[in-house]
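Residues per chain are reported as follows:
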Amino acid sequence: MRTDYPSRFDAAAADLDAALFFDTAASRLSAGGRALAYFAVPEDGAHRLLLAIGFDREGAVEVYSTRVAGPSFRALTPSFPELHLFEREIWEQSGLRPEGHPWLKPIRFNTPGAVPGVADYFTVHGSQVHEVAVGPVHAGVIEPGHFRFQCHGEKVFHLEIMLGYQHRGAERALAAGPDARSLRYAETLAGDTSIGHAWAYCAAVEALCGVNVPPRAQVLRGLMLELERLANHTGDLGALAGDVAYLPTASFCGRLRGDFLNMTALVCGNRFGRNMLKPGGVEFDLDYALIKELKLRLEAAFRDVAGAAGLLWETSSVTDRFEGTGVVTRQAAEGLGLVGPAARASGVGLDTRRNYPYGPYEGFTMSVSGSGDVYSRAYVRWLEIQKSAELAAGWLDALPEGPLAAECGPLAPGCGAVSLVEGWRGQICHFALTGPDGRFRSYKVVDPSFHNWQGLAMALRGGEISDFPLCNKSFNLSYCGRDL
Amino acid sequence: MIKAFFARLRQGYRTMPYPAAPVKLPPRYLGRPLLKGRASLAVAAAACPYGAIAAGDAPSLDLGRCVFCGACAKAAPGAVEFTRDHRLCASARRALSLTGGEMERAEPLTRELRRLFGRSLRLRQVSAGGCNACEADCNVLGTLAWDMGRFGIQFVASPRHADGVLVTGPVTRNMELALRKTYDAVPGPKIVIACGACAIAGGPYAGHEECVGIPKDIPVDLYVPGCPPHPLTILDGLLRLLGRID
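Just so you know, the protein sequences line up as chains C and A, in that order.
Counting in my numbering, the first sequence runs from 12 upward without gaps.
Counting in my numbering, the second sequence runs from 94 upward without gaps.
Bound-form chain A, shown alone (with noise of 0.2 angstroms):
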């Protein structure tokens, strides 16, 4: 016991102090890609491997779809950058579509789903396909370095104790059937968000006859991008969700 408590004491209070202090990200990170210039990105999109850039009159960066890869930015250093904005949740599927302005970043939820959510969050995560990367991350929110419950946001075991789901992955043909049981066993009023690249997109699968992405009437509240996305992207995006950064 007393060798426990000389442990803790070598390993000190760990838990960050985000948001009142910002965390800092490796100079590698890849964040929010920037659209520079028409001149070269028709060069961009021939090297992005998942059509999510569109050149032409009306170009674009769909967020929804990129995997981070920065095959782009390579190929066009002067059409695309990466950004080190870990900022990268969207309300809407079309906010995620990157013109070249402002990105229109994810909305607080209503006043009354506020009211019922705003202190206390519990999310059912629901994997479905994909590399278990992103659960990764997920998880990590959970340790004491990031401490998620101070926020009242939680993680539970079990639907009917949560007030939303959290999918994961590209939603497999094996998978489909088990993921509507379990949003249809969470209590109204419920939330829906769509983690990562497969979530949103397909990611890497985009595509794939195996996978058939979350079903058309199981409504998204929130995305959040990225292959996998980094825990302070997804963090940034339930904060907002729940107004308590802006």
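Next up, chain C with everything else stripped away, as it sits in the complex (with noise of 0.2 angstroms):
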């Protein structure tokens, strides 16, 4: 069945024989499709197994779903590597086993008896071959995870990422929902997107309810995601220009991605965005001084973020170190289903902007540079904070008039509905399924990380173990929106 964006589905009619399920799904993924979600949902003590599918080109989404009776079930990572998170997931949480499965580990560890980091890593043997383990806590503040590189002497052969620290049940608490709780839950799935997956959870909740949003908040929505997306390439590019050690631009940016943030809570207070979106609309409203002072403070900083980003190309001890370091080509992009700007640094044409248009965002151009390696994700962030300075430029020139929300009702009962939000790090997928008396039958989320993590194991492949820190910079994962 196909659902188009963001219309809801009648759950049942998603059914398929088991046999039936696993041809359908491999032969939509040739076809052109690419794993949108897959996952399992207890049913009657079995469980049901579902499938999103995103065909790109089209800007549809298709879902299928079936029910698997024992305790296993045809593994399709063989043949599509870009659902080997998504099987692993699946047997962590529901015990069924995906047969001929090549890699089948935890990935949150948060199942009785397991301990964080511990699980059999791919080794590599031989004379001078040696194993280098760094975290779960890094030298920085940031996220916990833990890496281990297999190495002779600096060459990288493989890096495995074993995260699930941050595993702190927030899409179990979504799943109970919805309540007064859960728009926060949808924004602390990752901080730093708190707008692109508050507005992934409105979304999915405005879907379930057959609210259409005001042409205002979808603006101002917009506003906000752009904004985001402003704040945090602003700092991808000042971090990267620090991992170099090329520190004019890394002090430049760390402060214009302050002025980002205070430009969001201008609008709503919070400096991520925090008590913005509201299932239906949104929160708070613009007038024409705020509309003024957004726009001052707006172009200033893209002046100086200009000024900033330009030295990084035109500098040569920063080309250097970033031109052939960490390259992903982008077969491998596309057969790990990488999504966002390290999707389109490798040459992959998908923009949830572009291929599945939603709100505000019609005959939109994304930005794809080819080369896959380090400067073309920094490259490809400079384009699209040009893109998205403009378009919010663009709003709030001509801000639509009326309401800030609609009213939503109740959920309808037994229908299923699946949200795609182009967040900065990527395609952020919100499916959510209700039961028959209205409420979540179950909440899949799908931060873009959880897709490119093995991305990045992929670009440190024959790479040397000190360029880890800028290729790491350079796709800037989550690690929390990753374990949920």
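These are computed hints drawn from the structure, not numbers from a lab.
Fair warning: this is a prediction, and the values are worked out from it, not measured in the lab.
Glycine included, C-beta positions come from ideal geometry on N, C-alpha and C.
A few of these clues could be false.
As the list claims (entries may be wrong) - Cut-off 25 angstroms, straight-line C-alpha distance, at most; resulting in silico cross-link-like pairs (SDA-like, lysine to any residue):
| id | chain 1 | residue 1 | chain 2 | residue 2 |
| --- | --- | --- | --- | --- |
| 1 | A | 167 | A | 135 |
| 2 | A | 117 | C | 297 |
| 3 | C | 116 | C | 141 |
| 4 | A | 274 | A | 213 |
| 5 | C | 303 | A | 274 |
| 6 | A | 167 | C | 220 |
Stated by the list, open to error - Not the full set, but computed from the structure, chain A residues with beta-carbon under 8 angstroms of chain C:
| id | residue |
| --- | --- |
| 7 | 115 |
| 8 | 218 |
| 9 | 231 |
| 10 | 265 |
What the hints assert, rightly or not - Covered, in the sense of this in silico footprint (three residues per stretch, anywhere, with C-beta under 8 angstroms from a C-beta of chain C), are these stretches of chain A:
| id | segment |
| --- | --- |
| 11 | 96-105 |
| 12 | 125-132 |
| 13 | 160-166 |
| 14 | 232-242 |
| 15 | 309-320 |
Make one complex out of these two single chains by using the hints.
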């Protein structure tokens, strides 16, 4: 069956016979489909598998489901590596074993007896081959994770990333909603993507209520999302400069990131955009004085970012470190289902704002760069900064009139909704299912980082271990968004 | 090189004059909440999804549980009002329970500790669950706009180089051991800072079986409320701890 975003669909209509489910999944994934979400939901003592496939070219989403009676199911990972983490997650959460999965091990270590970081690691043996283990506590103010490098001297043969330290039960708690705490859960799935995840949550609820968001609210959401992107992309360019010891851009961008966060706080009081969105619309409005102030600040901040970023491309000590470092080929990016700037930097033409237009994004043109290295991931961010600043300025000039929110009634029972939002890290997917009582039966969150962590591991292959901080920063993935 | 020089000229000097001059906070910023009246406090208490408000004979609002969503003030504007006061830090957990009177602000460290840390405080940050927003606002303090280094405060990579730990997040089961090991690795005397609603009382994740909180035997010297705390709130707490402002 097929659902056009953001409409809801009848959950029962997605049901297929088990054999047909796996054959259909395989044929649709080979016919240009990309896995958006794949998970299991308990159902009368057994489990139901649900798979959402996105067709980027057509901008369509298809959903299939099947009931699994036995203790295992057919793994699709051998043919479709993009599913590897989804199937490991299904196994860890439900106990259903994906038969034929080549790399079956825990991802969040949240089952009884599991010890975080303790699993069978891929190892390389031989004379002078050695292993380097880092984390969970890293040398910096960043989130925890465990990284193991298989090295020969400086050369990295393989990097394995074990996370799960940030697992705090956010997705499980969301599935018990909707209630008064749901929105804050969405805002803190990944704190630097508060607007992105809150929008995805609101869009899922709105689809289930059958509510259309007024145009003014749509544009205000867009404005906040682009400010979030501007802040984070600017911060990333600064951090990348810092990792190659180019301090001018590092210092300038650290301050400029704060300027964008302060613009967000000017609208809703919180630097991360908390309390701005709500199902049906937004909480805060802009008056003439505020619009004027935002325009002035946006113009000034953008001018300074242009100056700070411009230095990067002209400084040979920077380009020497950026170019050719941490290359992810287009083939690898597509095979692993990478999303966001990381995918676009490898030449993959996927941006939710273009491929699955929603809200205020009409006729959006995306930014792609082809070389797949750190330079490319930095440059795509700069292209997107320009685009976001242009969009935000345009919206401030022509804010539609009208109400700030529509009233959301009860959720339709027995339905499902898939919402897609292009957060600054890439495509965010929320998949909500309601039970017969009109409450959530399950709520699945797929942060862009869930897809992209494997991309970072691939970027290190054949590289040098001293390039890890730079590669890591060029992806800047979320630990908490993946661990939930 | 010359271009970097001109860029530096254009960007200008950006370190804020704080604490000599106040920082301008946005008009919609939600700071320290104020208990105004008892009349509709029960409505505000019912509206709080985190059980931070107690109505009844001994009304109070627990800043440690508050995530500053503003639901209480929206439901009962006569009972709770959010001021724009960013000074939220406290030295004792009980001081976070606001009852309507003056808030007991964070106390300076003992004379002995201030002699050691007063002009050079090195902190090891441990992220233990949470959403990475507290971490982001700690990082901000290192940028040239805030330049925490001018007060002698710095985040360091190794716990062996640190004078204390700053904990963010609700401390997940999966991070409990790592937090303890990091704390143990810091040489004494050492301080502990609980930064953000999560680290103080679980924040949005209060009551989750996946989270254990900061272990009881690790004493906390400074509580920094907020979800996430504004950088100004964190800096205010640190400077009070060192006796640099009052």
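The hints, checked one at a time:
no.	hint	result
1	A:167 <-> A:135	holds, 13 angstroms
2	A:117 <-> C:297	holds, 19 angstroms
3	C:116 <-> C:141	holds, 22 angstroms
4	A:274 <-> A:213	holds, 23 angstroms
5	C:303 <-> A:274	violated, 51 angstroms
6	A:167 <-> C:220	holds, 24 angstroms
7	115	violated, 15 angstroms
8	218	holds, 5 angstroms
9	231	holds, 5 angstroms
10	265	holds, 5 angstroms
11	96-105	holds (count 6)
12	125-132	violated (count 0)
13	160-166	holds (count 5)
14	232-242	holds (count 6)
15	309-320	violated (count 1)
Consistency note: the structure conflicts with the earlier hints numbered 5, 7, 12 and 15.
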